[in-house]
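Novice: Going by the UniProt record's numbering, the first residue of the sequence shown is number 1, and it counts up by one from there.
None of these hints come from the bench; they were simulated from the model.
For every residue, glycine included, the Cβ atom is placed at its ideal position computed from N, Cα and C.
Please note: incorrect hints may appear among the correct ones.
[To be verified] Below, computed lysine to any residue pairings styled on SDA-like, alpha-carbon distance capped at 25 Å: (1) K228 x A145; (2) K393 x D436; (3) K284 x L255; (4) K220 x P287; (5) K137 x T43; (6) K150 x K228; (7) K220 x K177; (8) K65 x K135; (9) K109 x A58; (10) K525 x P577; (11) K433 x I356; (12) K228 x T208; (13) K150 x T182; (14) K220 x E167; (15) K135 x T38; (16) K583 x P484; (17) K51 x P78; (18) K109 x E167; (19) K295 x G270; (20) K369 x I323; (21) K220 x M193; (22) K150 x R103; (23) K177 x K295; (24) K137 x E167; (25) K433 x H456; (26) K304 x D261; (27) K393 x S445; (28) K139 x R103.
[Said to hold, decoys possible] Label pairs and their in silico Cβ distance ranges: (29) P168 x N351: 19 to 25 Å; (30) C206 x D45: 20 to 26 Å; (31) T110 x N288: 26 to 32 Å; (32) E92 x K51: 40 to 46 Å; (33) P496 x G395: 44 to 50 Å; (34) I498 x K220: 58 to 64 Å; (35) D423 x N351: 57 to 63 Å; (36) N302 x K220: 34 to 40 Å; (37) L348 x N245: 44 to 50 Å; (38) P382 x G535: 15 to 21 Å.
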Amino acid sequence: IIIGCFFFPTRLLLRVFRFWIDSYQLDSLRPLQRTKRTWVITTIDIQEEDKGPFPKYAGQLFNNKSLNTSVKYLISGPGVDESPELGLFSIEDDANGQLYVHRSIDREKTPTFQIRFDIVHRKTGEPLDNPLFFKIKVKDINDNAPEFLKEEYSITIRENHNKGKYEPVFQVTALDKDEDGTVNSQVSYSLSMQMPLPDGFMFIDCTTGSILLSGCLDYKVMYIWQCKGKDSLTSSFLSSTATVNVVVEDANNHLPVFTSDNYQLQVSAGQEHPAVLRLQVEDKDSPNTPAWRAKYRVMKGNEKEQFTIETDPDTNEGILSVIKPLSYEDGSEMRLVISVSNEEPFFLCKNGTVMISALESTSTTVNIKVLESQHAPRFHPPTLIVQREDSMKPGRVFRRYPATYPDDVYELAHDPDGWLRVDENSGILTVAKEFDQESPHVNNSLYTIIVHAIDHGIPPQTGTGTILLYLSDINDHMPTLVAPSLDVCDKKEGMPLIMKAKSAPVHSHSGPFTFELAEDSEDVKHNWKLGRNFGESVELLMLRSIPQGSYLVPVIIQDRQGFSTRQNQHVRLCFCPDGHTCKDSPLPQAAVRFGGGAIAIILMAFLLLLGKDELLIVYPKQKLIDYLTTVPLVTCGWSHMSAISVQCSVEITAWLSKAG
């Protein structure tokens, strides 16, 4: 179309016409004023990453002031003479207003440019019209791959994560830097790798990135999922990946199972019996979790509420107690059905689907024989707590654990690894084999032993004692000696020593205590015995005259809560010049004043004595820790007669004076 001397393409004329109409409509909103804009601009298209050639035509300006006047078009602003992208745009022919771009542009860095257009008189440079501000938008192309927020994720999923339906367990997100709201920035998600495959079905929502799972996971297995984010355009190959490491948290998919299907128990009528039986279970779920912790219940046989059962939080055992006395007249036999379940509901995986099972517990039976009201054997205390000691070697005495009556017969009712032997008459327990920390019957470093004492009544009654053997350190619970070391003057052999015990730090009032000599060495039996027990202390008596020196007296202390420990009482038998205070014995003065003749007479007397066996009294020796006094006669060996000491000769003289 030709208007005057100007040729306008049809498309340009339509744009000009629309621009005039729009300008008129905008101006018509202003009260009392109607003007027509004189600027005309074509659409300026700039595509990012354009390959050229440059400079490249981008659009054209027109102002009707140029119809009658020689004009000059000017541009300024960002992309022209300001940052960013200085020198990107220019008007090559300032007379006709043609706009050019000089290089490629990254839209993700600068998506738009706000440029100012001016028209001035070519000769005077005076503005002929108001400036026009135009926003140039860079056209986006699909040149960016989606990027995940993280390259690697670590998540935890419960083993019983769903109830059979697809459930979102995690969501990944990838962002595309291309223009929002366009197909270029849309991301399509997929799973490119699963290792190992779950027992069920899983997929990822292609639009949201949510990972949905309907299947079973095994907490013993670590799963790895690789998610892929790709441009939604089918022709695009722009993509990235992210790895999801899945740790499965254990849930209750193993029921607790009793180690025995049936228990036999004898209970005396008319008495309460705390902790009369311990029931053990096995559970393959992770220890010390709600999926492992046991809950016990008496299902049948407890209509009169005579029994309770509680869970030992350390061993997970069920502790059965008789809280109301049983009546022999009501029946000599009772049968309890006891069930066990977990704190957390039980589930199972069936056909790749997690299902909550109606089977929540297992059971066992306890057959109880009620005995007539007579005093059954009783152990004191009912539960004996012992910590492993270095001296507990095969063949050594473990503990004396007697029941009420001396004629009771003892037997081991529960010692699954056979660590101990019991003397059926005395109840003395000895170590049969080394204690094994890795034994399957050790729970949290605790090994349980049950001892029965059976009387000779008709019918015979049985008392039960429980030994809790700790293989780890529990010294904070054990009673101790107040004074580990005692001194006694050698002229006061008949005077008893007082050994005093004190409570453990965590048990402020655990007395009175029981004391017992550890009779695992002959010298202790020959030299010492215990006298009266005053509750907090006990007498230690010397059975015969022994040499001056330091001795170890092993003693077993037990409090009323059942904690039992073995400790060594150090006893120093010493010379007391004042009759009260120990002091190292000096050599008698006569020892340094003997002449050669006197020594010869003593030697001859000593030789004569060696020929008379009936005159030599040899006592069993007890090891001295610090032998500071004169060596007795029996320690002067024949091999040293050629160099016998003055000190030895003094001892011989002293012995002769006593024998004479």
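Novice: Does each hint hold? Answer for all of them.
Specialist: Structure-based check of each hint:
The suggested pairing of K228 with A145 holds, with an alpha-carbon distance near 11 Å, which does not exceed 25 Å. Between the alpha carbons of K393 and D436 the distance comes to roughly 12 Å, so the proposed pair stays at or under 25 Å and holds. For the hint linking K284 to L255, the alpha-carbon distance of about 8 Å falls within 25 Å, and the restraint holds. Using a Cα cut-off of 25 Å, the hinted pair K220 and P287 holds, with the two alpha carbons roughly 14 Å apart.
With a C-alpha separation of about 10 Å, the suggested pairing of K137 with T43 holds against the 25 Å cut-off. Restraint check: the Cα-Cα separation between K150 and K228 comes to about 12 Å, which is no more than 25 Å; the hinted pair holds. Between the alpha carbons of K220 and K177 the distance comes to roughly 40 Å, so the proposed pair goes past 25 Å and is violated. Distance check on the hinted pair: K65 and K135 sit about 22 Å apart at the alpha-carbon level, within 25 Å; holds.
Our distance criterion of 25 Å between C-alpha atoms is met by K109 and A58, whose separation comes to about 20 Å. A C-alpha spacing of about 30 Å is found between K525 and P577, which places the hinted pair above 25 Å, so the restraint is violated. In summary, the hint linking K433 to I356 is not supported, as the alpha carbons are separated by about 46 Å, beyond the 25 Å threshold. Distance check on the hinted pair: K228 and T208 sit about 12 Å apart at the alpha-carbon level, within 25 Å; holds.
About 24 Å separates the Cα atoms of K150 and T182, which keeps this hinted pair within 25 Å; it holds. With a C-alpha separation of about 21 Å, the suggested pair K220 and E167 falls inside the 25 Å cut-off, and the hint holds. Proximity of K135 to T38 is assessed by CA-CA distance (about 18 Å); at most 25 Å being required, the pair is judged to hold. With a CA separation close to 19 Å, the supplied pair K583 and P484 stays within the 25 Å bound.
Taken as a hint, the K51 and P78 pair is honoured in the structure, with Cα atoms around 22 Å apart against an allowance of 25 Å. Restraint check for K109 and E167: not satisfied, since their Cα atoms lie roughly 40 Å apart, outside the 25 Å limit. Between K295 and G270 the alpha-carbon distance is near 28 Å, which puts this suggested pair outside the 25 Å criterion. For the hint pairing K369 with I323, the CA-to-CA distance comes to about 16 Å; that is within 25 Å, so the pair holds.
Distance check on the hinted pair: K220 and M193 sit about 20 Å apart at the alpha-carbon level, within 25 Å; holds. At roughly 34 Å between alpha-carbon atoms, K150 and R103 are farther apart than 25 Å, so this suggested pair is violated. Taking the CA atoms of K177 and K295, the gap is near 56 Å; set against the 25 Å cutoff, the hint is violated. A hinted pair counts as satisfied when its Cα atoms are at most 25 Å apart, and K137 with E167 does not qualify at roughly 43 Å.
With a C-alpha separation of about 31 Å, the suggested pairing of K433 with H456 is violated against the 25 Å cut-off. The straight-line distance between the Cα atoms of K304 and D261 is roughly 24 Å, inside the 25 Å bound, and the hint therefore holds. Restraint check for K393 and S445: the C-alpha separation of about 18 Å stays at or below 25 Å, so the hint holds. Restraint check: the Cα-Cα separation between K139 and R103 comes to about 14 Å, which is no more than 25 Å; the hinted pair holds.
The given range of 19 to 25 Å is respected by P168 and N351, whose C-beta atoms sit roughly 22 Å from each other. Between C206 and D45 the Cβ separation comes to about 33 Å, which falls outside the hinted range of 20 to 26 Å. Restraint check, T110 to N288: a C-beta distance of roughly 60 Å breaks the suggested window 26 to 32 Å. Between E92 and K51 the beta carbon distance is about 20 Å. The supplied range of 40 to 46 Å is therefore violated.
Separated by about 32 Å at the C-beta atoms, P496 and G395 break the suggested range of 44 to 50 Å. About 60 Å separates the C-beta atoms of I498 and K220, a value consistent with the hinted range of 58 to 64 Å. Remark: the range hint 57 to 63 Å for D423 to N351 is upheld by a beta-carbon distance near 59 Å. At roughly 39 Å, the beta-carbon separation of N302 and K220 lies within the given 34 to 40 Å, and the hint holds.
Between L348 and N245, the C-beta spacing of about 26 Å breaks the proposed range 44 to 50 Å. Taking the beta carbon of each, P382 and G535 are about 20 Å apart, inside 15 to 21 Å as hinted.
Hints 7, 10, 11, 18, 19, 22, 23, 24, 25, 30, 31, 32, 33 and 37 from the earlier list are contradicted by this structure; the remaining hints agree with it.
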